[in-house]
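A.B. asks: Residue numbering for the sequence shown follows the working numbering, beginning at 4 and increasing consecutively.
Don't take every hint at face value.
Unchecked claim - The calculated DSS-like cross-link candidates involving lysine-lysine, where the alpha carbons are at most 25 Å apart (straight line), are:
no., residue 1, residue 2
1, Lys202, Lys111
2, Lys111, Lys73
3, Lys293, Lys239
4, Lys5, Lys73
5, Lys202, Lys239
6, Lys5, Lys351
As the list claims (entries may be wrong) - Label pairs and their computed distance ranges (CB to CB):
no., residue 1, residue 2, range
7, Ser161, Glu238, 27 to 35 Å
8, Ser189, Arg144, 39 to 47 Å
9, Gly59, Glu238, 36 to 44 Å
10, Pro167, Asn320, 42 to 50 Å
11, Glu238, Ser189, 14 to 22 Å
12, Ile246, Glu155, 33 to 41 Å
13, Ile246, Gln105, 19 to 27 Å
14, Pro141, Ala357, 29 to 37 Å
15, Ala359, Asp248, 32 to 40 Å
16, Gln355, Ala184, 50 to 58 Å
Hints in this document: simulated from the structure, not taken from any laboratory. From the three backbone atoms N, C-alpha and C, an ideal C-beta is built for every residue, glycine too.
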Amino acid sequence: MKIGLGLYREQLTPDNFQFALQAGATHVVAHLTNYFAGKDPKIDSGDQGGWGDCSGDRLWTYEELSALVKDVRAGGLEVAAIENFSPRFWHDVLLDGPERAQQIEGLKQLIRDAGRAGIPCIGYNFSLAGVYGWTRGPYARGGAESVGFGVENSIAPSPDAPIPDGMVWNMRYRRGVAGAASVSVSSAELWDRLSHFLKEVVPVAEEAGVVLGAHPDDPPAEELRGTARLVNRPEKYDRLMAIVDSPSNGLELCLGSLQEMPGGDIYEHVRRFARSGRIGYIHFRNVRGKMPRYVETFVDEGDIDMAEIIRILRDENYQGVMIPDHTPAMTCGASWHAGKAFALGYMKALVQNAEALGPARSIPTSIAAE
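With these hints in hand, go ahead and build the complete structure from the sequences.
C.D. replies: As structure tokens, this is what we get:
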């Protein structure tokens, strides 16, 4: 098991590489889409104009990707993955629009260039509404600022609010057209679009030596902003992987999102996903509660026994990268760094002592049935 740190585009600096190294990380997951540009790197509810404007984005080139790998290595780290395509690159793949074929060809080139540059994984979130509808408040231990969904007495964006024209995945990819019809998509339509996407790009990814890691829905609602959700239950990951049976058709395994979902035992799901060998990387985060009401917590205070997760990953010989995700903001002059440092230290201690944690406490279904 390896420990990494996720960094947004404006955070991809020598100082933050040094911070990651000092905190015990060996890898970086890079967000090249410039959401939250010029703002504190806090997850936003998405109701105040979304996460930014990506209408001017151009497909990332081999030169840019290669420079990223070089810069990260100069900081003593390795690039584990790029997380999320810019919506400008594939809005019509998600919307089944007129530029779909052209955009898929662009993504194929991006995947080839990523593999050539030495980037082994690309995380993506096949969703129209994206991450939306949270509130921010003192939900974590000691009143640390975190985010929640469905929190009592909070004022949250309406889950039924339509997606504005010209936006997808909480970002504006073009100027909106006044009076345009609201975007909607059924579950069957969304799965058809995903299937077309995967059948086109997974063979390219396999040839390039790149894993495509699908992030589950967050929040894992049945429907959001008039659009169906995709992976909002753990077993839907199985459906996704079955579309193209390839080691390059993998998972960006978000523990918090899995725990928020109805259905099954998270430890059994993590065990079988680790056994499948299809995990691109892991978002190592904790939550308290499930849909339709939950809050994000410090890594050690939620409903997931994170030591048990490490026992399972140890037993299944998981050799991939884990990163902290959505860490609460601690009350100090460097709240983001403090929150990440706490999470990284906790993760480092668990991984260093994996063998001393004893046997796994959760019983695999195959054993329980005997």
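A.B. asks: Could you tell me which of the numbered hints above are not met by this structure, giving the numbers in increasing order?
C.D. replies: none
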